[in-house]
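A.B. asks: As a plain string of letters, each chain reads:
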Amino acid sequence: MTGGKSPFLWTLFSAGGTVAALLFPIHLFLTGLAFPLGWLDAPSHESLQDLVRHPLARLYLFVLISLPLFHWAHRFRYTLYDGLSLKHLAPLIVVVCYGGALLGTAMVVYTLWNLP
Amino acid sequence: MAETITLSVARYRPEEEAEPTVQTYEVPYRKDWVVLDALNYIKDQLDGSLSFRWSCRMGVCGSCGMTVNGEPKLTCAVFLSDYLPGPIRVEPLQYFPIVRDLVVDISDFLEKLQKVKPWIILKEEKPLSEGEYRQTPDQLDTYKQFSMCINCMLCYAACPIYGLEPGFVGPAAIALAQRYNLDSRDMGAQERLDILSQKGGIWDCTFVGECTKVCPENVDPAGAIQQYKLAGAAHWFKSLLLPWGAK
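Same order as they appear, the protein sequences are chains V and R. Counting along the first sequence from 1, when you hit position 111 you're at 205 in my numbering, and nothing is skipped either side. Counting along the second sequence from 1, when you hit position 21 you're at 1266 in my numbering, and nothing is skipped either side.
Just so you know, the hints here were simulated from the structure itself, not pulled from any lab data. A couple of the hints might just be wrong.
Beta-carbon label-pair distances, calculated as ranges [what the hints assert, rightly or not]:
id: 1; chain 1: V; residue 1: Leu155; chain 2: R; residue 2: Phe1482; range: 43 to 53 Å
id: 2; chain 1: V; residue 1: Leu155; chain 2: R; residue 2: Leu1486; range: 23 to 33 Å
id: 3; chain 1: V; residue 1: Pro185; chain 2: R; residue 2: Pro1372; range: 49 to 59 Å
id: 4; chain 1: V; residue 1: Trp133; chain 2: R; residue 2: Pro1488; range: 52 to 62 Å
id: 5; chain 1: V; residue 1: Phe156; chain 2: R; residue 2: Ala1479; range: 34 to 44 Å
id: 6; chain 1: V; residue 1: Thr173; chain 2: R; residue 2: Lys1444; range: 19 to 29 Å
Where is the CB? At the ideal position from N, CA and C, for every residue including glycine.
In isolation and in its complexed conformation, chain V is listed as follows (with noise of 0.2 Å):
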């Protein structure tokens, strides 16, 4: 194995990444445009309870927060790496970025587990 756990994460990074820019537009389209403004037919709290219900429908929720959270982790640990020059920082910053999406993991994972 080399290059350390740095294949890992750049994995993590670049599969957030990918689903970031594929996904997360339809989402902002549906939810932010259309179905304000009318464009579609909102579907009725009850239809979209009964979407999550299937296993399906909340392993893509999961992968859909969860890996964009980890592409945001490694983005932002090299913005105050090289941006701001936080370098001497470095284990901190990484257990407050990484740490941070494996919280927001945690949650997401607890959420979709509790859903009814």
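Chain V is already provided as a structure; the job is to place chain R on it using the hints.
C.D. replies: Chain R alone, transformed into the frame defined by chain V:
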């Protein structure tokens, strides 16, 4: 009366001064002149002591790279008319030690270039009687773009990571390593990955993307590095899951 344009040129004469200074020159403005023509005018007509590198004047040799108005450019490829009304600031390429005036020390790049083994590696040469190593047009197309690099080092001068981490192998060298990895005749991908997985290799790149923006040959080093990272990550997962399989 002929029009003129001002060039503010960085000077550094190590035997005379400790820090680089700026000298301004008025040169004739001609629509068909590139910045390199103006520098040559200065050298021939105004100040023979100005030092800079150039050779082909046509974007092939890669030796006239300088910082023009803050951006890394081949001075043979940017026209005076791009910078009207002037003045035009001409400085040496960023992040490289300055030898004199606009001439930088490129030995760091040459060392790194050699480190990534940018040549075809064969496990075994086949005998001449078996003929040449043939390649289809499709096989050529997979790496051709990365082979267009002219080693002008504009991408190094544009890369903030190279500025911050002098150990970083850098865009052009990684793109050239990838050029040979993608070559159907080559068998050295593993050797190169072993070198580029280490500190200073592909994982140092944070995908700023400036290398690709400044490349005069459209090589897209940033794309090459991301491809390389994908291959590196795949290899990493493989060696994690099958420790006995991959090397």
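A.B. asks: Hints first: check each against the structure and report whether it holds.
C.D. replies: Okay, the hints, checked on the actual structure:
1. Leu155/V / Phe1482/R: 43 to 53 Å: violated, 25 Å
2. Leu155/V / Leu1486/R: 23 to 33 Å: Holds, at about 27 Å.
3. Pro185/V / Pro1372/R: 49 to 59 Å: holds, 57 Å
4. Trp133/V / Pro1488/R: 52 to 62 Å: holds, 54 Å
5. Phe156/V / Ala1479/R: 34 to 44 Å: Distance hint for phenylalanine 156/V, alanine 1479/R is violated at roughly 24 Å.
6. Thr173/V / Lys1444/R: 19 to 29 Å: holds, 21 Å
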